[in-house]
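Undergrad: Now for the letters of each chain:
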Amino acid sequence: MKRWLLVIIFFAVLIGAWEYLVRRGVWSPVLVPSPLDVGRYFVSSIQDRTLLEASYVTMKRLVLGYVVSLIIGLPLGLLNARFKACEDTIGVLALGLQTLPSVCWAPLALLWFGQTETAMFFIVIMGSIWSVTLATDAGVRSVPPIYARAARTMGSGGLHTWLKVIFPASLPFVVSGMKQGWAFAWRSLMAAEIYVTILTGFGLGHLLHYGRELHAMDAVIGIMIVIIVIGLLADKILFSPIERFLHRRWGTARN
Amino acid sequence: MTTVSEELRNVAPEKLAVEGVSKTFRTQRGHVHALDNVSLNVREGEFVCLVGPSGCGKSTLLSIIAGLESTDSGQVLADGKPVTGPGRERMVMFQESALFPWLDVLGNVLFGLKLKPNLTGKERREVALFYLKLVGLENFIHANIHELSGGMKQRVALARALAPNPRVLLMDEPFAALDALTREQLYGDIQRIWAERKKTIIFVTHNVREAVCLGDRVVLFSPHPGRIQEKFEIKLPRPRDINSVDLAKYSTEITRALKRHLKPETTEVAE
Chain X
32 MKRWLLVIIF FAVLIGAWEY LVRRGVWSPV LVPSPLDVGR YFVSSIQDRT LLEASYVTMK
92 RLVLGYVVSL IIGLPLGLLN ARFKACEDTI GVLALGLQTL PSVCWAPLAL LWFGQTETAM
152 FFIVIMGSIW SVTLATDAGV RSVPPIYARA ARTMGSGGLH TWLKVIFPAS LPFVVSGMKQ
212 GWAFAWRSLM AAEIYVTILT GFGLGHLLHY GRELHAMDAV IGIMIVIIVI GLLADKILFS
272 PIERFLHRRW GTARN
Chain H
350 MTTVSEELRN VAPEKLAVEG VSKTFRTQRG HVHALDNVSL NVREGEFVCL VGPSGCGKST
410 LLSIIAGLES TDSGQVLADG KPVTGPGRER MVMFQESALF PWLDVLGNVL FGLKLKPNLT
470 GKERREVALF YLKLVGLENF IHANIHELSG GMKQRVALAR ALAPNPRVLL MDEPFAALDA
530 LTREQLYGDI QRIWAERKKT IIFVTHNVRE AVCLGDRVVL FSPHPGRIQE KFEIKLPRPR
590 DINSVDLAKY STEITRALKR HLKPETTEVA E
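Chains as they are written, first to last, in our numbering: chain X, 32 to 286; chain H, 350 to 620.
Where hints are given, some of them may not hold.
Listed next, with one range per pair, are the computed distances between beta-carbon atoms [as the list claims (entries may be wrong)]:
id: 1; chain 1: X; residue 1: V74; chain 2: H; residue 2: H495; range: 47 to 55 Å
id: 2; chain 1: X; residue 1: T149; chain 2: H; residue 2: A526; range: 53 to 61 Å
id: 3; chain 1: H; residue 1: G429; chain 2: X; residue 2: V99; range: 50 to 58 Å
id: 4; chain 1: X; residue 1: R275; chain 2: H; residue 2: E475; range: 30 to 38 Å
id: 5; chain 1: H; residue 1: A525; chain 2: X; residue 2: R34; range: 42 to 50 Å
id: 6; chain 1: X; residue 1: I177; chain 2: H; residue 2: T376; range: 18 to 26 Å
id: 7; chain 1: X; residue 1: I177; chain 2: H; residue 2: A529; range: 23 to 31 Å
No lab work stands behind these hints: they were computed from the structure. Beta carbons are placed, not taken as given, at the ideal position from N, Cα and C, and that holds for glycine.
Please model the entire structure based on the sequences and the hints provided.
TA: In structure tokens form, the structure reads like this:
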């Protein structure tokens, strides 16, 4: 209860200060709209459904791209950890591509796939897959060998050991890698949507881009807030429960 | 005369027979001769303790008997058959508990049982609960591993090792990290469970007193290369108390023998 009160007071003060400074005329109203203007933008854009539709389009791309990243990235990480040859080849490639900012994929994706959904997915996947792979790899390497030895004496071997021992043992690493992958997917998609104009769906990034073109600052800030809120919700709904479970099981919770 | 009596001998084969086993590890600093032509026979139901300073190859020998390591020469026979890999009839209890932190207590004990065919889920659970009760943890079946004390962890490890019902239990310094009081409790438990469940146990330790307290036989190793130096029969009634005077006499004798076989700089053995 006390926690919630603190949160509410913090944000109320933040928004209050913003409104106060705008009214005092500290900033040009052309550059900084008041919270009330942003609120009015929310009401109108929710009523005409532009914001909801854009959010839906964006979330669909994000979730699909992210799921593909996991489906490819996790096994790739396991392979890298298992086989020296994979580590020396795919591992090095992953490390290199991980350092490449994902917006750098946009020109290439545009030339390869044109202004299509495929280009969007490509940028999202390239943005998030490598951190998932690298985290899985690191996670598996951090598993104490005694777990696999103990499992062998109990009759476990091969795939069973990988699925029932190595993978769960590396979960704390893998989950933080998945979380990082999610964050990268989100960043990549926003970069892609701002960069790549396509007609098959208007995402939040596009809306943001057109907000700038039309110099609608209330829309720009409103959409930025939506993007932040989606990121927060994903963290709290998707990852927090998993992390809480891991902390409880492993005894790494901090009280 | 002797040949005829040997010819007419009618005894079961040894439970475990270690025959001329040698093992060398290659490390960055060169070769380590862990075991040199080691032979040892263990009877069914016998409790054998392997004692020696660190680096004498006793843990390596245990891994070889478990089937986790291969030999360079020689072989290990279990019930007359050569050991080629790990098997459910020879379970290992490790130095650190090696329990799986992503499973609760029951999940850990069930791990080996789930790999045993021809059991229903209900039966597996029943078996797991039986062993958790045997080690006195029936009230902690859903506890997380990190919530347990060191002694409780080793009890779970013991239940997990016992659960697939192996004939042979291989224990690699299982109590080394515990405090003296917890250890004493576990000495009592392990003797009780050994007698009740009729296991053959090979127990590795560097603690001579512990070896005398638990073993029917104490086998003394010396390092560089790892060799068996002497074997002692411990003829003391059970259950044994680690603090008894008779036990102290044995351990004094064995410690003296141990020091005889060691170079002066490598005496790090607790009495």
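Undergrad: Does each hint fit the structure? Answer for all of them.
TA: Hints and how they fare:
no., hint, in the structure
1, V74/X to H495/H: 47 to 55 Å, "holds, 50 Å"
2, T149/X to A526/H: 53 to 61 Å, "holds, 57 Å"
3, G429/H to V99/X: 50 to 58 Å, "holds, 55 Å"
4, R275/X to E475/H: 30 to 38 Å, "holds, 32 Å"
5, A525/H to R34/X: 42 to 50 Å, "holds, 45 Å"
6, I177/X to T376/H: 18 to 26 Å, "holds, 19 Å"
7, I177/X to A529/H: 23 to 31 Å, "holds, 25 Å"
In summary, this structure violates none of the numbered hints.
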